[in-house]
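Order-wise, the sequence lines are chains A and B.
Terminal number for the first sequence in the numbering used here: 563, no gaps in between.
Terminal number for the second sequence in the numbering used here: 1144, no gaps in between.
Rather than coming from a laboratory, the hints here were simulated on the basis of the structure.
Bear in mind that the values here come from a model prediction, so they are computed numbers and not experimental data.
Please note: incorrect hints may appear among the correct ones.
Claimed, not checked - The list that follows gives simulated cross-link-like pairs (lysine to aspartate or glutamate, DMTMM-like), each with its CA atoms no further than 20 angstroms apart:
id	chain 1	residue 1	chain 2	residue 2
1	A	180	A	107
2	A	140	B	1086
3	B	1047	B	1086
4	A	110	B	1094
5	A	140	A	241
6	A	290	A	536
7	A	171	A	157
8	A	25	B	1112
9	A	171	A	183
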Amino acid sequence: MVVLATGAAGCAESEGSTTDAPITKAHVMALSTYSATLGTPIDAYIQNPPTGNARAFELVFDGTFTRPNGATEPVNLVQAVNRTEAGAVRWTAFGPFGNPFTPNTPDIGKFTGKLGIRVTMDDGTVINDEKPIPLSFEVKPSIIITELRPVDSTCGEPALRMLGGMSYRLKATTIGFDAKTIDYMMQTPGIVPDDLGEPQLDVDSGGKPRMMTRQLSHTMMNNTDTVEGKDAFVLPPVPIDIPNYGVVMAIVAHDDQGHSVSTTFGMTAHNPIEIFYDGRYELAQIYPAKPVSGCMPGGQQGRAVTYSESQMESRQRQLSVTMSKTFLRSEENNWSTSDGKTVTHGTTNTDGYSRSHTDSNSFTFTKTHEDTSGVQFMYSSGNTVVGKAGVSFKVFGIGADAGGEYQHRWDKSQTSSSSSSNGWSSANTSGSSDTSEVNHSTATTDSTAVSQTNTKGGSESQQAGEGEAVQNMWTVTSQQTIDRGFAGMVVANTQGVFYRQMARYTQKAFVVVYDKCGAGDVVGDVTLQDYVWAPDLALGDKCPPLPVSNFPEPQCRLPPCDP
Amino acid sequence: MRSLILAVACLVGTAACGGPEVDVPAGNDKVTSDPASSDLPAPTVQKMPGSYPYAVLAVRGSAPNAVRILIEGAGNPVVAAVQPVDNTFCIPVDLAAAPARYTLQVRSQHSDGRLSPITEVELDRDNGAAAPADAKLCDGSAAK
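Chain A on its own, in the form it takes in the complex (with noise of 0.2 angstroms):
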């Protein structure tokens, strides 16, 4: 009779064990599987969880993977999860495109050894595990995916993201089964062009989006298979009022045993350039609080007063786009604006911005319209070159012109993009005629700071199609602030006067750019300025001296700072 108390079957130690001493750290408890095939995702659960701001989790291998064959390799494998609740963080890199235990040649097999969880605090502390718990974890037959990456890329990876509108070559293979066909499907939204040719999701009259799914077979040579050339999955383009949307890839394949190993695995597909927005709010300036009022004194009884806005205050919202030299001198870019923008560049002001390099990279698609079999996006073959990909400025949900179309395009040739037709270009056409175009290709000095300021508040800025109700969009008045009623009561025997006091919110995203294999790159920001306004009633024994508010001093948080 074999007593077995606690850990691994077999095991006399029994670490990890409850009845040890008390763990005070985060420790794993439990992963929610130990046999799986590769792309399946792996929750952890962890005891002690950290509190909120932890910034990153790791977990944490060590021990050794044995293969088929008996041979076994040393594993040190430190892997980011992400944290899906208190308790729980969840590997989402367990496959596709590898196994993490044997990453330089995949294959099925067993490891065995310890799993803790590393996790760091916002502020660089490191808290490792105290006590890994003895495990071991099997790797099934699998599908990988050792290839995915566009058709005209030399990606040493499977790219990370997909790119809309591109076309893509995908290498499967798979580990520990003898497959002879292999089944694809990728499903994407659909996607249609609007009234002006621009991709926009496919919906259906109940607004449910319509879902567009390719399917693929091939016979499989030696465990291998190649999607390219006529059968390469193109993607359609994202449209330009969403930041991504998602590919869902489904693989089986199959033997002529009747048996299957299968892999299921969602990526997004984005624009090459995109605003990432988390909808952050950071108050940003406290201004000092102005009496709107008089002295009112509360008599005998006391005397219940409204606040009423009659002398509205307005500001103008200010929108602002920095983007980073590196990124401008090393693309072709096309950037303009509209009314009310400057640029900025050391002591350089003008309007609009281009620039042309020649060291780029060829990067194309390009969309054709079937009405006979509803849309489909077309790879361009050939060396160039229709690229285009534009991102809307439209991040903080302010009215169609605060967009702007950011033209990024990979060509060969030194050609010049034109520019872009929405948002602040076509304020421009009919708006203003100040728009030109400046090479700044010999601009070497700081980061070139593109900014657009007070925009639309002119009058002049009357352009067709952009009506008033986007340029008041813009103004903001403290009477859209302090629009409900607020009352307040002077006590008797005292005096009151109503102060109002305005602050300034900042709102920011980046710029995030992709290259062909997905990776990313902060290029630049957007920010924005808002106002709002408070009222307040302050009370005093006497007026004058006018009594003291109670709002919070002025302070400013955030620059730019605003006397």
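Once you've looked at the hints, dock chain B against the given chain A.
Same frame as chain A, but now just chain B:
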């Protein structure tokens, strides 16, 4: 002085308006429901045979206020979700070694990461033990 005056004014205002009133059914003096309990008691495990012949054992029970159940003591620690409707769980546990005596430590976890006290279950894995009547695994298949 100003604070005092404001306080008095507030009191007067409250008295003038009267406090909020809520009509409740006869015999019920509560105006709100009881707050949801956040206690995390030790899981309750259904009675199991002292001696068990098969390599996989389905451990069933209930774990109030928990999102998952964890069992240690038989190889890799195993986890299963707790049914949110009735707080029940069923989790298959591999009893690979035989003959052997197992001490299973069962505990649950709240969605906020807290762990419950441990419920211990002991049993012998014995290939020659009498087969329990109608022993089923969590998927409904017969244990064997």
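Structure-inconsistent hints, enumerated in ascending order:
Numbers 2, 5 - these are the hints that the structure violates, sorted from lowest upward.
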